[in-house]
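Chains A and E are the protein sequences, given in the same order.
Under the numbering used here, the first residue of the first sequence is numbered 4, with each subsequent residue one higher.
Under the numbering used here, the first residue of the second sequence is numbered 887, with each subsequent residue one higher.
These aren't lab readings, by the way, just hints derived from the structure by calculation.
Among the clues, some could well be false.
No more than 27 Å apart at the CA atoms, straight line, and that leaves these computed lysine-lysine pairs for DSSO-like [stated by the list, open to error]:
id, chain 1, residue 1, chain 2, residue 2
1, E, Lys908, A, Lys180
2, A, Lys256, E, Lys1025
3, A, Lys310, A, Lys333
4, E, Lys911, E, Lys1206
5, E, Lys1157, A, Lys180
6, E, Lys1025, E, Lys994
7, E, Lys1126, A, Lys256
8, A, Lys189, A, Lys501
9, A, Lys352, E, Lys1025
10, A, Lys659, A, Lys189
11, A, Lys352, E, Lys1037
12, A, Lys240, A, Lys180
13, A, Lys256, A, Lys189
14, A, Lys338, A, Lys501
15, E, Lys1157, A, Lys256
16, E, Lys1203, E, Lys1157
17, A, Lys189, A, Lys73
18, E, Lys1103, E, Lys1150
19, A, Lys240, A, Lys151
20, A, Lys151, A, Lys501
21, E, Lys1157, E, Lys896
A short, non-exhaustive set of chain A residues, derived as facing chain E with CB atoms under 7 Å [claimed, not checked]:
id, residue
22, Leu85
23, Glu87
24, Glu90
25, Ala248
26, Gly253
27, Trp257
28, Pro266
Reference listing, derived: stretches of chain A covered by chain E, where coverage requires no fewer than 3 residues with Cβ under 8 Å from a Cβ of chain E [as the list claims (entries may be wrong)]:
id, stretch
29, 236-245
30, 354-361
The C-beta atom is built at its ideal place from N, Cα and C for all residues, glycine as well.
The primary structure of each chain is shown beneath.
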Amino acid sequence: MADVTSDLKAGTSGPAQWSRGTWASALLIVAVALTALRYGGLLPDALHRIPEELIPPFAAWLDAFFNFVKDDLGLLTLTRTLTEGLEWLLDVTANLMFGKRRWPNIGPIPWTAIAGVAAVIGYYLGGWRMALLGAGTFIWTALIGQWKIAMETMSVLMVAAPLAFFIGLGLGILAWKYVAVNRVIKPILSVLQTLPFFTYLLPAVIFFKVGPTAGAVATTIYAIPPMILMTTLGLQKVPIEVVEAGNMSGCTKWQLLRHVYLPSARTEILVGVNQVIMLCLAMVVLTAFIGMPGLGAKLLAMMGSFKLGRSFEIGVTIVLLAVTLDRMSKAWVVKQPVHFERDTPWWRKHIVLLSGLGVFVFFCIAAQFIDVFAEIGRKQNFSQGKEIDTLIKGFLALDPVQNTTQAIRYVLNVWILNPFRDFLLSIPTPAFILLVVAFALSLGGRRPAIYAAIFFGLVALSGWWDRSVITLYSVISAVTLALLIGVPLGITAARSEKWSQRVLLACDTAQTFPSFIYLIPAIMLFGITATSVVMSILIFAMVPLTRYTIEGLRTVPPEMTEAADMAGATRMQKLVKVQFPLALPTMAVGFNQAIMFAFFMVIIAAFIGTQDLGQELQRTLAGTDLGKNFVLGICVSLMALTFDLTIMKWATDRKKALGLPD
Amino acid sequence: MTADTVISCKNAWKIFGADPEKYLKSMPAGHSFDDIRADGYIAGVKDVSIDVTRGEMLVIMGLSGSGKSTLVRCFSRLHDITGGTITVEGQDLMSLSEKELIELRRSKMGMVFQSFGLLPHRTVLENVAFPLEMRGQDKHTRRERALEVVKLVGLEGREEYFPRELSGGQQQRVGIARSLAIEPDIWFLDEPFSALDPLIRREMQDEFLRLQGLLGKTIVFITHDFDEALRLADRIAIMKDGAVEQCDTPDQIVLNPATEYVRKFTEEIDKARVVHAGVLAREGTSGEGDPVEATASVQDLARLLVQDTREIIPVAKGGKVIGGMDRAAALEILLEAS
């Protein structure tokens, strides 16, 4: 009897003792049968797509709900009040960074002073190279004539990042302290992390006015989740004896948190800071879509009018800023306090602070006398936008180049992408859902399968099925292509230590780029076409795939590969029989990330002109269609979550089965 | 419980699990450790009654997982006990409010941890001054005091170092200094030397004995090293599965093990080194001739025991004869050891 029950628990419990695989195949067969019926013209239309009249008006319900919250509960009054405080803060940074005429009316700070301070901070954190990077970034920005727009972006970042830090830290502490809070926050966080950014933007606009305030709010909210996660993680990891030592020292609860927990969780909290900064930068660039001025807006405009040279220059600025911010904040994570010998004079202990101040004051004064130190004028900058533009366009017009790009575009579109899309669209909704459920069941088991059924069922009921399928099609095709390129690349690189390091470094760097950047090369090569959409997703999704392939292969315990060597395995045998099976769970994490990235990118790519959810989402930004905006956003989120839950479940199960660490 | 009892522990239980209080109430008497585990609970401390007197050094011994650390954490209320009572200086620990508990720790207790538990972002001096800072002492006095204790543990000149810049032994000295900073009456030491290599360990034990001689505190010391226990202990409590199997002087533990487990535990011990003449002395008899000192171990007296011809050898404590030692019994112990 005991055996039977345990069997039932191990497999999916069903009327007969069917295993997971059998169930999945059964679902698959039903799905194929349904599709075949449809092709034979035997399936009634009502079973192909849910009829319009059966679709519940989710958008209207949500609108009613939002209106209730907004007006009847007075949320709008609250947020508009908050807006004033935020606006004041943003005005202060705007005045300091680019001289907006607001209190305190002392800006703009000369670019030389900012570059100088960046150099000093860089030197403190990472020596001469970091100093060069810091100064170089700002000097480039000034010389290329993008100082003002870059500072517009920075001024929002300077408000949003600290806000996100403090809110995330606070919520993280609460989630760590109270299980109930954690339970509520966890699912919200996973939805937030998959929600397309357009869904952040519209509520921000409606509740917090158009312009920098809405941009700052959307940016802040977007950057909060990882800070919460890192804070909770860090606090949980504080060694128990350190806490006990604090208790025995007679700490009150507050003292314990302030003096023991938070400083001991420093590393994780600073990793959180790094992520907050990077996410803020990524998002602040994207707020261009709600009309926030800055680097993003300029880039959007330039790409829209196909000015490749200027797009390229702005792209470089954004990348430089991203790399600088990332490297510096990461250097801060590993920077450990070092003691000074006794009787070190005061000025030596604070040499960094003093020289930073010195440089700042020096350039501020110098700027009073030498104009170029204060500002680089319109005519003085070194922008080569037009020239680069001609160069790139000339290069693209070369016959061999044009032939190649056109061939790729043709093959992709006509032979692969379009047929694949039409095929997906031809599958009846119930069959499609069954396919996804079968996938979730065979990989993740019962729980992910149930989620998959509910999530995709909701998507079907949302009334945006076709667009959802098209979104999914872009994601699947781009990730598949990325797999074909990224995984072999990873395998090749993993063969030598040197190349692993190089490629990993490249991946790490590429991951710090705001996603917007990935559109530039795609648009350069393929113009404003559907191919560009797939290409930009492909490049974006390839990064985690390559990265995790290398990491997966490199973390295979050496004694196992040695055992394979001693057993006389060829390189290929070793790879297929030993390394792959052990690396697969890690690679699955990369695959999952690639899919998440793809869902993110496909929405951004909407402005190139897609026919998916992203495009509809982008349209809602122009109006006040909050309900529709949410329905669309949730559709994307539900699809992404289905994959996330399934793949991660498989990866953790597999790791446990193989006895690998998480 | 006498007036000089510092820690008094009566039928203390610490059970880990989903709802330990309810479980303990409903649990039938005489449930063993394994019975409890079968019910899904772990008995960290199982019905322990023990008194620690002022100035005493109680060493708690046992294998890992036997509940040594848990018991000490109950004494300091880092763990809340599930049942029974523990009083410290006459105050019922469990009835203390958070404020009173903090006050008790700030004024009376010090603790040293196995893996040091130092705050990574603070210098040696700041770590040592930490309890003083929590008490709200002003910067100047706490600095003075911290410098004093840092000197006491021999870390002079390293005040501005961060913990990661120190060796294991040095880090543990910081831990000891921190626990001494508030001049505690009660000192808990949780395997303070086990993370150290044997050489430094020996050195730290000597250091510790020196400090103890200097400060004369009530000490509860955890170790799983018998030699260490013998060097330091007034009394030894041997724990198994959360319960105290026997709590007595080292001599009694090796001479009269209370349970089979204790006997096995002490089997490998060289008894001649542990048993003292004072313990073997029986009142009423006195024997003849020169007495031996009560504090001398059987091993110390080996030559005399073999060469002497007396049946009964007088034993003296502080110049006064307290009884006679049966030479044959003492020889038996000596021979058994070799």
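So which of the earlier hints does this model not fit? 3, 4, 5, 7, 8, 15, 18, 19, 20, 21, 22, 23, 24, 27, 30
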